[in-house]
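> Residue-level listing of the chains:
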Amino acid sequence: MRLLTHNFLASNMKGVSTGYPLGLEVVKSTIKEVELNADFLRGILPKLDWRALAAATSAAGYPDLLPAEQPSEAEFFAEGAAEFEDSPIRRLHRALLEIHIDEGTLVCPESGRTFPIQKGVPNMILHEDEVRA
Amino acid sequence: MPRPEVQAPPEIFYNEVEARKYTTSSRIIEIQARISERALELLALPDDGVPKMLLDIGCGSGLSGETLTEHGHHWIGCDISKSMLDVALERETEGDLLLADMGEGLGLRPGVIDGAISISAVQWLCNADKSSHEPRLRLKAFFGSLYRCLARGARAVLQFYADNVKQSEMLVSFAMRAGFAGGVVIDWPHSSKAKKSYLVLTCGAPSVNTSLPKGKGQDGEACSDDDDDDDSDDDQTVGTYGRDRMKKRQKVNKNNRGKDWLLRKKEQMRKRGRDVPADTKYTGRKRKSRF
Numbered sequence: 001m002r003l004l005t006h007n008f009l010a011s012n013m014k015g016v017s018t019g020y021p022l023g024l025e026v027v028k029s030t031i032k033e034v035e036l037n038a039d040f041l042r043g044i045l046p047k048l049d050w051r052a053l054a055a056a057t058s059a060a061g062y063p064d065l066l067p068a069e070q071p072s073e074a075e076f077f078a079e080g081a082a083e084f085e086d087s088p089i090r091r092l093h094r095a096l097l098e099i100h101i102d103e104g105t106l107v108c109p110e111s112g113r114t115f116p117i118q119k120g121v122p123n124m125i126l127h128e129d130e131v132r133a
Numbered sequence: 001m002p003r004p005e006v007q008a009p010p011e012i013f014y015n016e017v018e019a020r021k022y023t024t025s026s027r028i029i030e031i032q033a034r035i036s037e038r039a040l041e042l043l044a045l046p047d048d049g050v051p052k053m054l055l056d057i058g059c060g061s062g063l064s065g066e067t068l069t070e071h072g073h074h075w076i077g078c079d080i081s082k083s084m085l086d087v088a089l090e091r092e093t094e095g096d097l098l099l100a101d102m103g104e105g106l107g108l109r110p111g112v113i114d115g116a117i118s119i120s121a122v123q124w125l126c127n128a129d130k131s132s133h134e135p136r137l138r139l140k141a142f143f144g145s146l147y148r149c150l151a152r153g154a155r156a157v158l159q160f161y162a163d164n165v166k167q168s169e170m171l172v173s174f175a176m177r178a179g180f181a182g183g184v185v186i187d188w189p190h191s192s193k194a195k196k197s198y199l200v201l202t203c204g205a206p207s208v209n210t211s212l213p214k215g216k217g218q219d220g221e222a223c224s225d226d227d228d229d230d231d232s233d234d235d236q237t238v239g240t241y242g243r244d245r246m247k248k249r250q251k252v253n254k255n256n257r258g259k260d261w262l263l264r265k266k267e268q269m270r271k272r273g274r275d276v277p278a279d280t281k282y283t284g285r286k287r288k289s290r291f
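From first to last, the protein sequence lines stand for chains A and B.
If you're matching positions, the first sequence starts at 1 in the UniProt record's numbering and goes up one per residue.
If you're matching positions, the second sequence starts at 1 in the UniProt record's numbering and goes up one per residue.
Only chain A is shown next, with the shape it has when bound in the complex (with noise of 0.2 Å):
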């Protein structure tokens, strides 16, 4: 699972009302390089939550990768910013679509339930008593 996924997930659980974020807890992530492409980081940037992305970058063990605040979208899409080995984008780009946890847990920030991944997969599947009516 990519950070890009884990910052849409939220828990679904009976008696939670926001269910997020989810807390992550790692027990191994590996880097898998893609192209970047910044069209599409120039489209979902508006839709992230900076301060999840963040929090789960360090879980992920790479707390220096994105700064607490999010920066503007001037320094983001920067003219030859893709290029430059260091530049913000680069930075979002390794955090969102770079960065796979392959084992560790999802845990509800108001339940405390606890969510396992499993090779990559986290099991959302909820018990009969904690689905919604």
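No lab work stands behind these hints, which were simulated from the structure alone.
Honestly, I wouldn't trust all of these hints.
[Said to hold, decoys possible] Sample of chain B residues facing chain A (criterion: CB under 8 Å; computed from the structure):
| hint | residue |
| --- | --- |
| 1 | Pro51 |
| 2 | Asp96 |
| 3 | Glu104 |
[Said to hold, decoys possible] Rough simulated footprint, nothing fancy, chain B against chain A, three-plus residues with beta-carbon under 8 Å:
| hint | stretch |
| --- | --- |
| 4 | 1-9 |
| 5 | 12-24 |
| 6 | 34-40 |
| 7 | 43-49 |
| 8 | 122-128 |
Here the structure is a predicted model, which is why all the values come from computation and not from measurement.
The C-beta atom is built at its ideal place from N, Cα and C for all residues, glycine as well.
Mind docking chain B on chain A? Use the hints.
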């Protein structure tokens, strides 16, 4: 063979043996790819080359996701069968996978998904596989959460196999109740095999963009890719020229199966979406006896 939905719950039915078929059977792979291609077409994403964030509900072994990847999109797939997801992992699909039950509602933040597809999955919601399952509640939870997680104006295309008209109506009515606009598009309605139903839903109030696209094969369009010669053939008179044409009489076949009968049959097959050769002056002619 009855449909899978009446045999066992999805997490039981799609066991390792059944999941294996989805990597080995070229027929299944081809059908899945063709349906996903059509679903993506119905999704009508803006043609600007920017990758989108899509959702694949009931992604299974990731065959439909592969089509999304080919078009350059990012996707999240969810499925209830662990065996199917294991196969997807083996195939190294690009999207992220979730083990989740769509009937419990999708656990996603509001307004983040640019479009959703689902191939042969939502009909499972009409079943009650456990004592705790109530199809109406599950449908409501599913469509409600789908509506919430989609961005405004985003579309969802859900291909499904309804057992009967009632099921299809039930799916549509729950989608409408969740706030969606749209309806069912049926491809190849005259064929029992090639017929496919797509629930095409748009998030938000009805507008020009929400008008339903037309299904394929509704006016005798052929299934083959060479669509351009279809229409011209229809009004073209089939000529019968030849030196000894006048002497010969077209013999009437045993069961009165002459040329008219043949043309009628061909038209019928065309409506069912089969690959039918074009009508020419040779159609329905007999070979010479000396052949």
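> Indicate, hint by hint, whether the structure satisfies it.
Hints and how they fare:
1. Against a cut-off of 8 Å between C-beta atoms, the interface hint on Pro51/B holds, since the closest Cβ of chain A lies about 4 Å away.
2. Residue-level restraint check for Asp96/B holds (minimum Cβ-Cβ distance to chain A is 4 Å; threshold 8 Å).
3. At a threshold of 8 Å, the smallest CB-CB gap from Glu104/B to chain A is about 5 Å, leaving the interface hint in force.
4. Only when three residues or more bring their CB closer than 8 Å to a CB of chain B does the claim for the stretch 1-9 of chain A stand; here the count is 7, and the claim holds.
5. Taking a C-beta to C-beta cut-off of 8 Å, the stretch 12-24 of chain A contributes 3 residues in contact with chain B, enough for the three needed, and the coverage statement holds.
6. Remark: the stretch 34-40 of chain A is confirmed as covered by chain B, as 3 of its residues place a Cβ nearer than 8 Å to a Cβ of that chain, reaching the required three.
7. With 4 residues having a beta carbon nearer than 8 Å to a beta carbon of chain B, the stretch 43-49 of chain A meets the requirement of three or more and the stated coverage holds.
8. Chain B is given as covering the stretch 122-128 of chain A, and this holds because 6 residues of the stretch bring a CB closer than 8 Å to a CB of that chain, at least three being needed.
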